[in-house]
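Participant: What follows is the residue order along each chain.
Protein chains: 2
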Amino acid sequence: MTEDGFALPDATVAIVGLGLMGGSLALALRAKNVCRSILGVTRNPAALESALARGAIDAASADLSLASEADIIILATPVRTILDQIPHVGPIARQGAIVMDLGSTKRAIVQAMEALPPHVKPIGAHPMCGKETFGFDAAEPGLYRNATFVLTPLARTSASTLALAESLARAIGARPLVLDAARHDQMVALTSHLPFALASTLMTTVGEMAHADASVYRLAASGFRDTTRLAAGDATMMLDTLITNRENVSHAVRLCAHHLNELADLIAAGNEPELRSLLQSAAVQRRALKFEI
Amino acid sequence: MTEDGFALPDATVAIVGLGLMGGSLALALRAKNVCRSILGVTRNPAALESALARGAIDAASADLSLASEADIIILATPVRTILDQIPHVGPIARQGAIVMDLGSTKRAIVQAMEALPPHVKPIGAHPMCGKETFGFDAAEPGLYRNATFVLTPLARTSASTLALAESLARAIGARPLVLDAARHDQMVALTSHLPFALASTLMTTVGEMAHADASVYRLAASGFRDTTRLAAGDATMMLDTLITNRENVSHAVRLCAHHLNELADLIAAGNEPELRSLLQSAAVQRRALKFEI
Chain A
1 MTEDGFALPD
11 ATVAIVGLGL
21 MGGSLALALR
31 AKNVCRSILG
41 VTRNPAALES
51 ALARGAIDAA
61 SADLSLASEA
71 DIIILATPVR
81 TILDQIPHVG
91 PIARQGAIVM
101 DLGSTKRAIV
111 QAMEALPPHV
121 KPIGAHPMCG
131 KETFGFDAAE
141 PGLYRNATFV
151 LTPLARTSAS
161 TLALAESLAR
171 AIGARPLVLD
181 AARHDQMVAL
191 TSHLPFALAS
201 TLMTTVGEMA
211 HADASVYRLA
221 ASGFRDTTRL
231 AAGDATMMLD
241 TLITNRENVS
251 HAVRLCAHHL
261 NELADLIAAG
271 NEPELRSLLQ
281 SAAVQRRALK
291 FEI
Chain B
1 MTEDGFALPD
11 ATVAIVGLGL
21 MGGSLALALR
31 AKNVCRSILG
41 VTRNPAALES
51 ALARGAIDAA
61 SADLSLASEA
71 DIIILATPVR
81 TILDQIPHVG
91 PIARQGAIVM
101 DLGSTKRAIV
111 QAMEALPPHV
121 KPIGAHPMCG
131 KETFGFDAAE
141 PGLYRNATFV
151 LTPLARTSAS
161 TLALAESLAR
171 AIGARPLVLD
181 AARHDQMVAL
191 TSHLPFALAS
201 TLMTTVGEMA
211 HADASVYRLA
221 ASGFRDTTRL
231 AAGDATMMLD
241 TLITNRENVS
251 HAVRLCAHHL
261 NELADLIAAG
271 NEPELRSLLQ
281 SAAVQRRALK
291 FEI
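Respectively, the protein sequence lines represent chains A and B.
Per the numbering used here: the first sequence = residues 1 to 293.
Per the numbering used here: the second sequence = residues 1 to 293.
These aren't lab readings, by the way, just hints derived from the structure by calculation.
One should not assume that every hint holds.
Given that identical chains are not distinguished, each listed pair holds provided it fits within a single copy or across any two copies.
[To be verified] Heads up, simulated EDC-like pairs for lysine to aspartate or glutamate below, C-alpha to C-alpha not over 20 Å straight-line:
#1 K32 / D10
#2 K290 / D234
#3 K290 / E208
#4 K290 / D226
#5 K32 / E140
#6 K32 / D58
#7 K290 / D213
#8 K32 / E166
#9 K131 / D234
Start from the sequences and build out the full structure, keeping to the hints where you can.
Facilitator: Have a look at this one:
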């Protein structure tokens, strides 16, 4: 028992949104026997039925009021849906309930959480995992394994609330990392939103040629497959992500476009020494990275 | 027996360059028992020893003159090394030998092949497969399986030479596709060289931020991993590829940078209808693609 009035194994967790992230979280909490019970809130009847059928949740409702029974309420919807939901969570949440979210951008959400009533304990979160498929059918209990699980506490977030959020992250195999919300948003603009922008724009650019001659895809191999993979993701979720991080993302995309034009200039001019140095430097940096997910 | 004077099962094949592509070809020809014997030409003593030790080749030399015994000579070095080698192949090649290459760009190579003496039979080739590791140690007999194997015949290439090249491609599990060399170079600029340029530039862009704060990589997940994968490739090979296709590649990179700036404008302006339409269109196109490698 912590000062929050409950310990994780005794907690009832309500997950709002049972898509890839929320569904995988429910499956992971269940598989690892992390908490006492799991409630699911979704307006998607198919996801609700699947989650009950797979035993991921103990009870379900289309109505947020089900979360009034929870010690921990986790908002696992797209960012702007989270922003819409936050004002409705305070009135229904029990005394001392932790309110967490899994949104892909954090500054706007943490700011909205500041307005939550004093009887709830807010903290922002962003697990760095996902895949290009989505919805509960794509959910899997291992999604969070080895993933960095960013936590963005508010000024009002207590050490014990942070500790409980960290233990939840560790319990599902993830690695907690505490970050300032604004810094998080700057970083993911480069490591997550920019790669999506490149994948989508590559698909758009080649799609234009394919429109004239579809056989171009016969020359698309594993490199094209991997570089465009993110483009297949959920456009609605990405739209929320890009719009709620628009300054950082538009800056990152323009910076990358600028570097691309510099690269094109070197190629067009046949400037081999600089081209070799640039490509070699990127190769060395990429080979030095180790990915555990 | 064809009009070329030999059938594939009776042929001696010389592979010049025993890196990822040449080494994998040797292993595939051996595994599928495609030809009578396989000769390896490389100036890399380690690759030569490994290839002999793994039984990929029957004989090896650092000297191109070994290829004088071959019915089929396959140049599997970087593009500009191929361009350097072509003038030396004619004088040593036997009467009726097929001279093929595996270079990533085709226009310059096919042009150089035009100058080969009349007693040899040239044809360009480009198998659409690879990976970000390289050298003989990375070679594998299954590399060509299901890969599109582009063949770019010259005006002088006979139907029987083309048929023999196609049967070689099929014998190692690849799918032959006959294309004009110039058209090939336009297409791979988009499907292969542009993805590499994006991967490398993404690595450069994020690397700049990492220089100030290396913890940015803790926020790099599978999306960043896949989108940057190509950046780890062999810079020397890519340099040859980009330089010998410079007009097409610089055009493709600039076109993509232009589309990226358009995307950044939509994001910065919060133009949701156009942004949604753009991302959704790319997602639909990407999901429609099926990759068999």
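Participant: Evaluate K131 and D234 at a C-alpha cut-off of 20 Å and name the case that applies: within, between, both or neither.
Facilitator: So K131 and D234 pass the 20 Å test inside one copy only (10 Å; across, 28 Å).
Participant: Within, between, both or neither: how does the pair K290, D234 come out at a Cα-Cα threshold of 20 Å?
Facilitator: Between copies, since 18 Å is at most 20 Å while 27 Å is not.
Participant: Is it within a copy, between copies, both, or neither that the alpha carbon of K32 lies no farther than 20 Å from that of D10?
Facilitator: within (14 Å within a copy, 61 Å between copies)
Participant: First find the shortest C-alpha distance between K32 and E166 inside one copy, then the shortest across copies, and answer within, between, both or neither for a cut-off of 20 Å.
Facilitator: within (15 Å within a copy, 54 Å between copies)
Participant: Classify it for me, K32 with D58: is the Cα-Cα distance of at most 20 Å met within a copy, between copies, both or neither?
Facilitator: The answer is within: 15 Å in one copy meets 20 Å, while 55 Å across copies does not.
Participant: If the cut is 20 Å between Cα atoms, do K290 and D213 qualify within a copy, between copies, both or neither?
Facilitator: between (38 Å within a copy, 17 Å between copies)
Participant: Is the C-alpha distance from K32 to E140 at most 20 Å within one copy, between copies, in both cases, or in neither?
Facilitator: within (13 Å within a copy, 39 Å between copies)
Participant: Within a copy, between copies, both or neither: which one fits K290 and D226 at a CA-CA cutoff of 20 Å?
Facilitator: Classified as both; 17 Å inside a copy, 12 Å across copies.
Participant: Go through the copies and call it for K290 and E208: within, between, both or neither, with a Cα cutoff of 20 Å.
Facilitator: between (35 Å within a copy, 18 Å between copies)
No hint from the list above goes unmet by this structure.
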